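> Chain residues, written in single-letter form:
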Amino acid sequence: MENNFERGSALSIFGSDRREDFMALVFALIIAFGVYFTY
Amino acid sequence: MVYTKKSPALFIIGVIMLAIWYAAGNGMLDGYMEHLAAGKKYKYGAELTSIPMYFGILSVVIGAWQWFGSHREGSWDYYSSTVAGGMFILLIAMLVRWFIAPEIAVISMSMGKVGDTGKYIHKLLGLNYVVMGILTGIVIVNVFKVPEWAKNGVRLSRLGLKTGVILLGTLYSAAELKNLGGLSIIMIGFFVLGSVGMVLWMGAKRNIPNSMGGVLSAGMGVCGVSATVASAPVVQAKSVEIAYTIGTILLWGVGCMFIFPIIGNLLGMSHVQFGAWAGTGILNSAQVAGAALAYQPDGIETLKVAEIFNITRVLVLPIIVLWLAVWYVRREESVTETVNVGRVIFEKFPVFVLGFILLFALSTTGMFAPANHYKGKYFDNTKTKLLSPEQAQVLNSEANKVQVAERQEALQRLLSNGKIMSIDDDTTIRGLINAKVMSKDANKILKKAHKSVRHTAKKIKAFREWITWLFAFGLVGLGMQITVSSMKQAGGQPAVIGGVVGLTKAVLSLVVVMLIVGETV
Chain A
329 MENNFERGSA LSIFGSDRRE DFMALVFALI IAFGVYFTY
Chain B
229 MVYTKKSPAL FIIGVIMLAI WYAAGNGMLD GYMEHLAAGK KYKYGAELTS IPMYFGILSV
289 VIGAWQWFGS HREGSWDYYS STVAGGMFIL LIAMLVRWFI APEIAVISMS MGKVGDTGKY
349 IHKLLGLNYV VMGILTGIVI VNVFKVPEWA KNGVRLSRLG LKTGVILLGT LYSAAELKNL
409 GGLSIIMIGF FVLGSVGMVL WMGAKRNIPN SMGGVLSAGM GVCGVSATVA SAPVVQAKSV
469 EIAYTIGTIL LWGVGCMFIF PIIGNLLGMS HVQFGAWAGT GILNSAQVAG AALAYQPDGI
529 ETLKVAEIFN ITRVLVLPII VLWLAVWYVR REESVTETVN VGRVIFEKFP VFVLGFILLF
589 ALSTTGMFAP ANHYKGKYFD NTKTKLLSPE QAQVLNSEAN KVQVAERQEA LQRLLSNGKI
649 MSIDDDTTIR GLINAKVMSK DANKILKKAH KSVRHTAKKI KAFREWITWL FAFGLVGLGM
709 QITVSSMKQA GGQPAVIGGV VGLTKAVLSL VVVMLIVGET V
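Protein chains in written order, with the working numbering: chain A, 329 to 367; chain B, 229 to 749.
Source of the hints: derived by calculation from the structure; they are not laboratory data.
Please read all numbers here as calculations on a predicted model, not as lab measurements.
We treat Cβ as the ideally placed atom computed from N, Cα and C, and that holds for glycine.
Okay, the calculated bits of chain B under chain A, using three or more residues with CB under 8 Å as the criterion:
(1) 303 to 317
(2) 590 to 598
A few chain B residues that don't get close to chain A, going by computed Cβ distances all over 12 Å:
(3) Gly273
(4) Glu331
(5) Lys347
(6) Leu411
(7) Ile414
(8) Phe418
(9) Leu550
(10) Asp654
(11) Lys664
(12) Gln721
(13) Val728
Let the sequences and hints guide you as you build the complete structure.
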């Protein structure tokens, strides 16, 4: 896929894989604690 | 560069979602849902009356602002502009999951079951909402092109997949490992590691990219979409490489599902032997179950053994992902001079794998479900309603129909205690139900007794729903990154390697099973 974006890459909106990983971890922990306290 | 497009698209997507929610909530879709359910209860009623409302409101509000507001260059513009593409993917995932995939199932069921497999063609081909979602994404990008306003948001798909993979860790617990047979661990360990090693070795010999070899090895060694998706970011696999891997696994799995039972019958394999072979040699979970049920349609002994092996294989996934992470980093860096492997691994090691392990560890503590849960279900007979005297009388009168000693003993324990006393008894009673040796009324009582000691962990159920949606979202977006031209560039090497490794694994596992596996594991 051709990259037409100034930021991120063709496959991600984030500048590096590590930043994307951390964001995924943050989202996953938010969901996990949300589920833990809701159910 | 200003990323937000002054387009009504997101607003319209929100209106469509709200229309679905309104129609479902007011009974306008009842007739259609009944048609899609094909005589059963429509599975997605609760989702239809909640999810489109939340995302519909969000889309309408942000969509109105994007359409009528003024936009300036900056981080807020950059990140908020991804919402349109994200909601576009989500709407497609909704339509595929709720309407398109069930419609395909209805059409498939109207065509009848396929031969002796006892399964419909959509089940055999794995035409579920996941595969349909990827296919829809591929059709959109190749036939219609991704609209300009959605392009930025399509790049959110990998974030969705990574979040889903981290949450997958909640579905496992170390307690499951303890319950697995030693033989399955040794056999699966050998064949998973052997397959991964063989794919990586063949990939190097045939000069395929490291990313392609890495993702194919996980798919061929472990199983299915989850392993492929989990390993893809670790080896930085491209969308087309993931598509090739999934295609190779599904094609091989479907072929094995038909051929394995024929060979098993020709060789006169026992249920345990066939289960061990299917659970080791067939690549994909759905087709493992299909082959086991095709071999023994009137009982679950084969399926039980096959599933033990299959689960062991899935549990090896974190180890394989770790191995591939280290392998990929070392290989990619090997071209440069004097590389500090430890430093490179520290810098490049995927944090989301640690997230998976973190949630696996939390799950093992029993934080989300009792530690003995399996797929979110656990055994607990402390608050179970006892059998009524009438129910006990029905079971007593038919007890002489049960011939297998293990089943007789489990049934006697149920009768004397009024409830199922252990997880092993529960499994045996399920086998008795599936064997259909007792009358319908007696089986109904047994089913009730089984259900009263099996509980679903609500937290695990909620996690499974989140994972389902994150994967659906990620895979539709993934499909939108697969173009025909990029498929052509990849060539036919993955299919060749997949075929050779798959055949080797099937033949070798058959030999090992015939030599060392007897009637019991």
